[in-house]
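A.B. asks: This is what each chain is made of:
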Amino acid sequence: MSAAAAAWPRDDAAAERLLWIDPERRRLRDAHLDDMPALLRPGDLLVVNDAATLPASLSGRTAAGSSLEVRLYGQRAGPGPRFRAVLFGPGDWRLRTEDRPEPARLAPGDRISFAPDLSARVEAVADLSPRLVELTFDRDGAPLWSALYRYGRPVQYSYVAAPLELWSVQTHFGARPWAAEMPSAGRPLRWHILRALGERGVRMAALTHAAGLSSTGDPVLDAALPLPEQFDVPEPTVRAIRATRAAGGRVVAVGTTVVRALEGSAVQHRGELVPGPGETDLVIRPGFRPQVVHGILTGIHEPGSSHFGLLHEFAPGDLLAAASTHARAAGYLGHEFGDSCLVLSGPGSTEAPP
Amino acid sequence: MDIRGQAALVTGASRGLGAALARVLAAAGARVVLVAREPAPLEEVAAQIRAAGGEAHALPGDVSDKRAAYAIAGAAAALVGPIDILIHNASNLGRLPMPLLGDTECEDFENVLATNLLGPFRITKALVGAMVLRGGGLVVHVSSDAAVAAYPRWGAYGVSKAALDHLARIWAAELSGTGVCFLTVDPGEMNTQMHRDAMPDADPSALRDPARVAARVLALLRACDLRESGDRLEVEVAA
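Chains A and L are the protein sequences, given in the same order.
Going left to right, the first sequence walks through residues 1 to 354 as our numbering numbers them.
Going left to right, the second sequence walks through residues 1 to 239 as our numbering numbers them.
Only chain A is shown next, with the shape it has when bound in the complex (with noise of 0.2 Å):
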């Protein structure tokens, strides 16, 4: 919605707005991470994605010397300790991805080393782009992860003022690292936040996605993103969502993640959501008929990115338009700590929005 980045993430719980889109009404109002419980109905779902956030960026050299950056996007299914990796030129986040020299050719075979205990052989490259790699690490287990987070930082942007602490790029409900890049639409939802939503009557329920990279620099591997992503949809979750979907209560995706992780598994059964892990590559564009979920709650996004063409899932392009706007206008802040957005009806007549 070309709102202003948030360039550091909030102290005050205060300072977080929320731009509701009521679809069904076609209109917009301002209102605040507070006001959730309120908009949203006794006997509806929260579904968050619980990925919590890797420190996925190492600097590392090749045994030619080059100095580069890998930002992690995901370990790969089966044994071995093999991630997919994205590689950038020397420098780092304080310089904008498209502005970042290229990283050094590799081929399979090719050793990058991060640290003294730590280094990776290249298993494949991408056709797509050299910079998309496969990477086994010469390490697994408890050796691998304490090396990952004793040498990884948060992956940020250019936007961002300073080096992120880990604990700035986590919600408040992560438990497997999966994610690339903090699952940011659940950041807002705090402690008292999750407790008035329970006091109101609206249920929890997570999954897990391997939320990536949400850019590259390079407008090739950028146009493909996001890349097929792993998931988890846990049973008691699907328990959770049919029994709401069938007592008539809505589905509430926390983030871009969570709709991609039950439509796309909806889609690979036939319509039926299936507990259990999975991959998808499904991009959800103008069109697209959900079939678990019913609204969203997520980040301010520009158009055109692929996290706006998703809310065309939940709202008519004329409404995303007007509230892209509205958002430029009144000053919402966008990117990862920046303000939110409900794409949801209304609570119901007898209720008074905020």
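Calculated from the structure, these hints are not laboratory results.
Glycine residues also receive a C-beta, built at the ideal position from the N, C-alpha and C atoms.
Careful, some of the hints might be misleading.
Short, incomplete list of chain L residues facing chain A, as computed with Cβ under 10 Å [stated by the list, open to error]:
1. Ala51
2. Gly53
3. His57
4. Gly61
5. Ala73
6. Ala78
7. Pro82
8. Lys125
9. Ala130
Here are a few chain A residues that sit away from chain L, every Cβ distance over 12 Å (derived from the structure) [what the hints assert, rightly or not]:
10. Arg10
11. Thr171
12. Ala175
13. Ser215
14. Asp232
15. Val267
SDA-like cross-link-like pairs, simulated, lysine to any residue; straight-line CA separation at most 20 Å [what the hints assert, rightly or not]:
16. L:Lys66 to A:Ala147
17. L:Lys125 to L:Glu55
18. L:Lys66 to L:Lys125
19. L:Lys125 to A:Ser168
20. L:Lys125 to A:Pro286
21. L:Lys125 to L:Leu113
22. L:Lys125 to L:Gly188
23. L:Lys125 to A:Ala243
24. L:Lys66 to A:Arg195
25. L:Lys125 to A:Ala162
26. L:Lys66 to L:Leu100
27. L:Lys66 to L:Arg37
28. L:Lys66 to L:Glu107
29. L:Lys66 to A:Met204
30. L:Lys125 to A:Trp167
31. L:Lys125 to A:Arg190
32. L:Lys125 to A:Arg10
33. L:Lys125 to L:Pro39
34. L:Lys66 to A:Arg150
35. L:Lys66 to A:Pro219
36. L:Lys125 to L:Gly230
37. L:Lys66 to A:Ala162
38. L:Lys66 to L:Ala150
39. L:Lys125 to L:Asp65
40. L:Lys66 to A:Arg242
Following the hints, complete the assembly by docking chain L onto the known chain A.
C.D. replies: Then chain L, alone, in the frame of chain A:
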């Protein structure tokens, strides 16, 4: 709680009660991540557990380091999945021999609080949200009778443990109805390095064997459904 298949994280697991708890949890079928500062003794305990057929991962880390909390939480969940059982056992006595309160340096007091109170707070904060969303979990605070009785020279430690007890009660009050249970366990005086550090002249034969205490704690965890979240339990061990 059925321990089999549960993902457990035990801090201070390289020796004493922590190592004993990791052993009994793994023997009961839990998938255990062991955390302590020194890698070598930690890996040795983990290797012993694996040799006995259990699942154990040695994750070196210092719970007093605020940068370590999400690293420990994330790496542990990567290794064994979302954590079901979290045992805050790591403890720091402070300066030795233990000084009177008036002789305690503020920095030493802060270090004790960092390990015994803030470390457990941070790691719980990093893990408990996922427990709430899954509708269950068990968080155990290992305390001491020094949290209750005012022993001279146990000032910083005793205060930290009294605060740790209250931390469990407040978490329990705020997370009532979520299915997450907080328990404080007072293991009594055990024959451990920590006890030797605190009281070098004590007769070791009069002290409890940490393995027997760990077996009793495991029984308490299995029966945690019978307890109220926030309860403080003194471990009874037959003579």
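A.B. asks: A separate judgement is required for each hint: does it hold in the structure or not?
C.D. replies: Going through the hints against the structure:
1. Ala51: Where the cut-off is 10 Å and the nearest Cβ of chain A is about 16 Å from alanine 51 of chain L, the hint is violated.
2. Gly53: 17 Å, violated
3. His57: 4 Å, holds
4. Gly61: 8 Å, holds
5. Ala73: 7 Å, holds
6. Ala78: 5 Å, holds
7. Pro82: 4 Å, holds
8. Lys125: Holds - the Cβ of lysine 125 of chain L comes within 10 Å of chain A, reaching about 8 Å at its closest.
9. Ala130: 4 Å, holds
10. Arg10: The claim stands: arginine 10 of chain A keeps its Cβ more than 12 Å from every Cβ of chain L (closest is about 18 Å).
11. Thr171: Contrary to the label, threonine 171 of chain A does not stay out of reach of chain L, its closest Cβ about 7 Å off (not over 12 Å).
12. Ala175: 4 Å, violated
13. Ser215: Its Cβ never comes within 12 Å of chain L, the nearest being 23 Å, so this holds.
14. Asp232: 10 Å, violated
15. Val267: The assertion about valine 267 of chain A holds, with a minimum of 25 Å to chain L.
16. L:Lys66 to A:Ala147: 17 Å, holds
17. L:Lys125 to L:Glu55: Distance ~25 Å between lysine 125 of chain L and glutamate 55 of chain L Cα, so the pair is violated.
18. L:Lys66 to L:Lys125: Measuring from Cα to Cα gives roughly 12 Å; hence the hint holds.
19. L:Lys125 to A:Ser168: 13 Å, holds
20. L:Lys125 to A:Pro286: 39 Å, violated
21. L:Lys125 to L:Leu113: 16 Å, holds
22. L:Lys125 to L:Gly188: 27 Å, violated
23. L:Lys125 to A:Ala243: 30 Å, violated
24. L:Lys66 to A:Arg195: 26 Å, violated
25. L:Lys125 to A:Ala162: Violated - the C-alpha atoms of alanine 162 of chain A and lysine 125 of chain L are around 24 Å apart, more than 20 Å.
26. L:Lys66 to L:Leu100: 28 Å, violated
27. L:Lys66 to L:Arg37: 14 Å, holds
28. L:Lys66 to L:Glu107: 16 Å, holds
29. L:Lys66 to A:Met204: Measuring from Cα to Cα gives roughly 29 Å; hence the hint is violated.
30. L:Lys125 to A:Trp167: 11 Å, holds
31. L:Lys125 to A:Arg190: 12 Å, holds
32. L:Lys125 to A:Arg10: Roughly 18 Å separates the two Cα atoms, so the pair holds.
33. L:Lys125 to L:Pro39: 25 Å, violated
34. L:Lys66 to A:Arg150: Within the cut-off at roughly 13 Å; holds.
35. L:Lys66 to A:Pro219: 39 Å, violated
36. L:Lys125 to L:Gly230: 16 Å, holds
37. L:Lys66 to A:Ala162: Cα-Cα ~19 Å, so holds.
38. L:Lys66 to L:Ala150: 29 Å, violated
39. L:Lys125 to L:Asp65: 14 Å, holds
40. L:Lys66 to A:Arg242: Measuring from Cα to Cα gives roughly 40 Å; hence the hint is violated.
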